[in-house]
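Visitor: Residue numbers (our numbering), protein chains in the order written: chain A, 1 to 112; chain B, 113 to 224.
There could be a bad hint or two in this list.
Listed below are the simulated SDA-like cross-link pairs for lysine to any residue, each with C-alpha atoms no more than 20 Å apart in a straight line [unchecked claim]:
1. LYS63/A x ILE212/B
2. LYS169/B x ALA10/A
3. LYS42/A x PRO120/B
4. LYS42/A x THR117/B
5. LYS42/A x LYS169/B
6. LYS42/A x GLN153/B
7. LYS59/A x GLU17/A
8. LYS42/A x PRO151/B
9. LYS63/A x ALA10/A
Just so you know, these hints were derived from the structure itself, not from any lab.
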Amino acid sequence: EDQVTQSPEALRLQEGESSSLNCSYTVSGLRGLFWYRQDPGKGPEFLFTLYSAGEEKEKERLKATLTKKESFLHITAPKPEDSATYLCAVQVEDQGAQKLVFGQGTRLTINP
Amino acid sequence: KAGVTQTPRYLIKTRGQQVTLSCSPISGHRSVSWYQQTPGQGLQFLFEYFSETQRNKGNFPGRFSGRQFSNSRSEMNVSTLELGDSALYLCASSLGTLNIQYFGAGTRLSVL
Chain A
1 EDQVTQSPEA LRLQEGESSS LNCSYTVSGL RGLFWYRQDP GKGPEFLFTL YSAGEEKEKE
61 RLKATLTKKE SFLHITAPKP EDSATYLCAV QVEDQGAQKL VFGQGTRLTI NP
Chain B
113 KAGVTQTPRY LIKTRGQQVT LSCSPISGHR SVSWYQQTPG QGLQFLFEYF SETQRNKGNF
173 PGRFSGRQFS NSRSEMNVST LELGDSALYL CASSLGTLNI QYFGAGTRLS VL
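Full structure from sequences and hints, please.
Guide: So, in structure tokens, the structure goes:
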């Protein structure tokens, strides 16, 4: 069964305190790994997609990396506006169609 | 470019009723996927439509159904509502299957 596990469930940091979020997965037919950010009352906002082990993507204070079994979202010198739930999803191909399998998310709070 | 639009944003229904949710994808996108988000289960895949055909379906009962029109707009229907159907229903569109999915703000359904 396709499974995605994110850790930690929640993380509190002080402004400027760097850290990493983890996403481990067990899937068959992996086509890509996605990171989304979700603010309260809103839909997930696309951040990154990674397709092969060793790939890295950066955007402002965020950097996503991918290995064969897990992905990390590194947050460098975060600001309060980075507070959100970060969702990891793997894109799985099933008989020519797609679906995203999501982890439970990491709720990140950045204190000023 | 307009994003994914979901209507209505909020709905309150009673057990046993049925409900129809609407999704207008990003212009040019032909694939529409639906997800259910609850605090306990997280984001779960419902189904994907591409060119008016259902391509993939998640593990939900037959009370959950959908369709896609020739202009790529999609509707999701839930019949005989149960209390457990209370959730945020999210629609995502992509250019085609296996492309990046962009989410709408969701429809918050409350079943009383």
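Visitor: Please verify whether LYS169/B and ALA10/A have alpha carbons no more than 20 Å apart.
Guide: At roughly 31 Å apart (the allowed maximum being 20 Å), ALA10/A and LYS169/B break the hint.
Visitor: Would the pair LYS63/A and ILE212/B pass a check requiring their Cα atoms to be no farther apart than 20 Å?
Guide: holds, 18 Å
Visitor: Within a Cα-Cα threshold of 20 Å, do LYS42/A and THR117/B meet the stated pairing?
Guide: The given pair, whose Cα atoms are some 12 Å apart, holds under the 20 Å limit.
Visitor: CA of LYS42/A to CA of PRO151/B, is that 20 Å or under?
Guide: Distance of about 14 Å is within 20 Å: holds.
Visitor: Under the criterion that the straight-line Cα-Cα distance not exceed 20 Å, is the pair LYS42/A, LYS169/B satisfied?
Guide: At roughly 24 Å apart (the allowed maximum being 20 Å), LYS169/B and LYS42/A break the hint.
Visitor: Take a quick look at whether LYS42/A and GLN153/B sit within 20 Å of each other, Cα to Cα.
Guide: Roughly 17 Å between the alpha carbons, so the hint for LYS42/A and GLN153/B holds.
Visitor: Need the status of pair LYS59/A, GLU17/A: alpha-carbon distance at most 20 Å?
Guide: holds, 17 Å
Visitor: Check whether the Cα positions of LYS63/A and ALA10/A lie no farther apart than 20 Å.
Guide: Holds: LYS63/A and ALA10/A sit about 19 Å apart, inside 20 Å.
Visitor: Within 20 Å, alpha carbon to alpha carbon, are LYS42/A and PRO120/B?
Guide: holds, 14 Å
In this structure, the hints that do not hold are numbers 2 and 5, in rising order.
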